[in-house]
Amino acid sequence: MPGSIDETAAGLLAQGYVAQRELATAAFLALRLQRPLFLEGEPGTGKTEIAKSLSALLGKPLVRLQCYEGLDQNSAAYEWNYARQMLEIKTDAGLKADDLFAPRFLIPRALLRALQSPSVLLIDELDRADEPFEAFLLEVLSEYQITIPELGVIQAVEPPVVVITSNRTREIHDAVKRRCLYHWVDFPDAKRELEILRLRVPGAPEALARQIVLFIQGLRKLDLYKLPGVAETIEWSRALLELNALELDPQTVQSTLGVLLKYQDDIAKVQGSEAARLLSQLRSELGSPGG
Amino acid sequence: MHFARVLREAGMPVGTDRVRLSLQALQVAGLESRADFRATLAACMIDRAEHRLLFEQAFHIFWRDPELLARVMAMLLPQAEARVNAPPPPENRRLAGALFPHAPAATEPPQEQQIEIDARLSWSEQEKLAQRDFETMTAEEWAEARRVLARMKPLFETRPTRRHARAARGRVDWRATLRAQGRGDEVAALRFQRPRERVAPLVVLADISGSMSRYSRMLLHLAHGLSNPAEKRHAPKVWSFVFGTRLTPITRLLKQRDPDLAVASVSRRVADWSGGTRLAACLHEFNRLWARRVLTSDATVLLVTDGLEHGDAAALAFEAQRLRLACRRVIWLNPLLRFEGFEPKAAGIRALLPQVTLHLPAHNLASLGQLAALLSAPSTTSGDKKR
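Going line by line, the protein sequences match chains A and B.
Mapping to my numbering: the first sequence position 236 is 236, numbers consecutive.
Here my numbering runs 1000 ahead of the position in the second sequence, where the first position is 1.
Quick caveat, the hints were computed from the structure, so don't treat them as lab data.
One or more of the hints may lead you astray.
[Claimed, not checked] Under the rule of at most 25 Å between Cα atoms (straight-line distance), these lysine to any residue pairs were calculated in the SDA-like manner: (1) A:Lys269 - B:Arg1324; (2) A:Lys191 - B:Leu1053; (3) A:Lys226 - A:Arg178; (4) B:Lys1237 - A:Val259; (5) A:Lys191 - B:Arg1038; (6) A:Lys191 - A:Thr256; (7) A:Lys226 - B:Leu1021; (8) A:Lys221 - B:Ala1299; (9) B:Lys1237 - A:Lys269; (10) A:Lys221 - A:Lys177; (11) A:Lys60 - A:Gly70; (12) A:Lys226 - B:Lys1255; (13) A:Lys177 - B:Phe1318; (14) A:Lys90 - B:Ala1180; (15) A:Lys177 - B:Arg1324; (16) A:Lys177 - B:Thr1251; (17) A:Lys221 - B:Phe1318; (18) A:Lys262 - B:Gln1057; (19) A:Lys226 - B:Arg1038; (20) A:Lys269 - B:Leu1289.
[Stated by the list, open to error] Output of the computed footprint for chain A on chain B, the stretches with three or more beta carbons under 8 Å from beta carbons of chain A: (21) 1014-1025; (22) 1282-1294.
By construction, the Cβ of each residue, glycine as well, lies at the ideal position given by its N, Cα and C atoms.
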């Protein structure tokens, strides 16, 4: 358990996560106050990644609950093993009704598993689940317990570190947010993005990395339908490395835009003149000779 | 804590629990650095992305000089009040009616029994009313029309969700079955479940530019009626937006129960009332900022506009297509359709038309009644341009 904000930031960095000071603060507070950490932000800004890094930092296993429309208690928290119950009824005539709902018939799912042993619980893309599911989370998030009608209350052995992420396709209910520490994960600035790139794509030449970061920072200023996130930056760098590119030239950019932009309209907008403009702009900024 | 009160006054919901949390957090995080202090408060006090800017500003001003903030607030306050007190756009006829209240019955809520007793009379009255244009409507007729709208309970199509509810037939619900057996029901009757149904959401995009001003107020009443249904169970989730030269979300404003208050608060909020239209730009804004938040793949978009676009028709066609692709159906209510022999000549209209699932007139009650029938009809009737 890190003792200060600096230690948290350093710890995350050691796990390969470059955290902004604000994020490090929020994460540190979440650990110390035992509150869930609620992360919102554009897709591809490293929301899920922080849970992984925290899990590695604390040495606790990561329990991940990917939300989707229609996610219910059965697949999120626990389920009774009906097949086994049926079997026991058939084989053991003396079985009483009370014995049917014993812990041994319980199949723990993500939420219950996170309570049963120390862990980092990642509730990913909560906005994808429907609203009734949020209400079910309230008990888990504030009391760290689950009530199973047939068994009673199951308390957490040790409160798990909870990270909730949302892409903000809809507003999460205030009752959930109230119990959490909130942090908006923004796109990183050029300096930090370069740092991330150095850490995550160690093979990339320094000059290329600089160009990539400046190009993407330029792209984010455009009026695009979907702005490229950090995940796309990393992907793109890897793609360029695969192509053995040493620096950005119009030809390479043209052929690899699909890694960065996932909407045809955005690609059409950036292709050609816009890309050339960004390239010449970054050349003049870097002052490097080329093309 | 003074800062929390300031934030609350500025419109951020900061409860006592949040203040307590921040104090706890500050004890843990320490007070050495200003940046950490701010980050700590931000993590504890913000719970919505919109509030970040507000928080930044308040923090910046407050911790530099609390006195200054008080002065700034004092300076801003008269202005803000002045804006609130600014006269809402004129609602001539109703205002006239309100100023000379010679017809006291108009304000009373309609009596259900009365309608039942002389059903024929009220029906014929409705019929006469139904052919009137909203443009020429007196206070009494207006009130009656609003009552008709309020009584209209459009039933929307339902879509299955992936949650299940108990049912007489369907998939076997093992949990319920076993629990019933465990309770000692010797007869091993199976229990069943089937997918629960959900009413598909509705997004209302209403044009309030100059050419539409006469209708749009009535359509606001429609939007309000849809947002505040008498029976919540089968009501869809409704998101409402108005646009002229810019897009304004009004979903929250319409949550106000009283229709007049709700419409009044909308008219105060909207800055571009009865101005020009920048349809393409507004659709663009909607597509960019809102579509992914409010449009699910089964949503219905109700676009209320005359389609008279001053801007670029190609851009409009593009944005309309994007809108079309993001939802289940686009229904266009067009007041211009009232004129016999209306032809889609204007470039904007021609750009919009190919992307629209249904194009309907919306200039008087009969066609709003048509809308109600349409929205409640099963999806098979709306099929010509379906995906």
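Comparing the hints with the structure gives:
1. Taking the CA atoms of Lys269 of chain A and Arg1324 of chain B, the gap is near 21 Å; set against the 25 Å cutoff, the hint holds.
2. Restraint check for Lys191 of chain A and Leu1053 of chain B: satisfied, since their Cα atoms lie roughly 23 Å apart, inside the 25 Å limit.
3. As the CA atoms of Lys226 of chain A and Arg178 of chain A are separated by approximately 29 Å, the hinted pair breaks the 25 Å bound.
4. Under the criterion of a C-alpha separation no larger than 25 Å, the hint pairing Lys1237 of chain B with Val259 of chain A is inconsistent with the structure, at around 36 Å.
5. Distance restraint check for Lys191 of chain A and Arg1038 of chain B: the Cα-Cα separation of roughly 22 Å lies within the 25 Å cut-off, and the hinted pair is therefore satisfied.
6. Restraint check for Lys191 of chain A and Thr256 of chain A: the C-alpha separation of about 23 Å stays at or below 25 Å, so the hint holds.
7. The hinted pair formed by Lys226 of chain A and Leu1021 of chain B fails the criterion: a straight-line CA distance of about 36 Å is larger than 25 Å.
8. Distance check on the hinted pair: Lys221 of chain A and Ala1299 of chain B sit about 31 Å apart at the alpha-carbon level, beyond 25 Å; violated.
9. Restraint check for Lys1237 of chain B and Lys269 of chain A: not satisfied, since their Cα atoms lie roughly 35 Å apart, outside the 25 Å limit.
10. Restraint check for Lys221 of chain A and Lys177 of chain A: not satisfied, since their Cα atoms lie roughly 30 Å apart, outside the 25 Å limit.
11. A distance of roughly 29 Å separates the Cα atoms of Lys60 of chain A and Gly70 of chain A; the hinted pair therefore is violated under the 25 Å criterion.
12. Straight-line distance between C-alpha atoms of Lys226 of chain A and Lys1255 of chain B comes to about 31 Å, which puts the hinted pair past the 25 Å bound.
13. Simply put, Lys177 of chain A and Phe1318 of chain B have alpha-carbon atoms about 37 Å apart, too far for the 25 Å limit, and the pair is violated.
14. With a CA separation close to 16 Å, the supplied pair Lys90 of chain A and Ala1180 of chain B stays within the 25 Å bound.
15. The straight-line distance between the Cα atoms of Lys177 of chain A and Arg1324 of chain B is roughly 33 Å, outside the 25 Å bound, and the hint therefore fails.
16. As the CA atoms of Lys177 of chain A and Thr1251 of chain B are separated by approximately 21 Å, the hinted pair is consistent with the 25 Å bound.
17. A hinted pair counts as satisfied when its Cα atoms are at most 25 Å apart, and Lys221 of chain A with Phe1318 of chain B qualifies at roughly 22 Å.
18. A hinted pair counts as satisfied when its Cα atoms are at most 25 Å apart, and Lys262 of chain A with Gln1057 of chain B does not qualify at roughly 35 Å.
19. For a cut-off of 25 Å, the pair hint linking Lys226 of chain A to Arg1038 of chain B is broken: about 30 Å separates their Cα positions.
20. Using a Cα cut-off of 25 Å, the hinted pair Lys269 of chain A and Leu1289 of chain B holds, with the two alpha carbons roughly 19 Å apart.
21. Counting residues of the segment 1014-1025 of chain B whose CB lies closer than 8 Å to any CB of chain A gives 6, which reaches the minimum of 3, so the coverage claim holds.
22. Three residues within the 8 Å Cβ limit are the bar, and the segment 1282-1294 of chain B against chain A gives 5, so the coverage statement holds.
Taken one by one, the earlier hints fail for this structure at numbers 3, 4, 7, 8, 9, 10, 11, 12, 13, 15, 18, 19, listed in ascending order.
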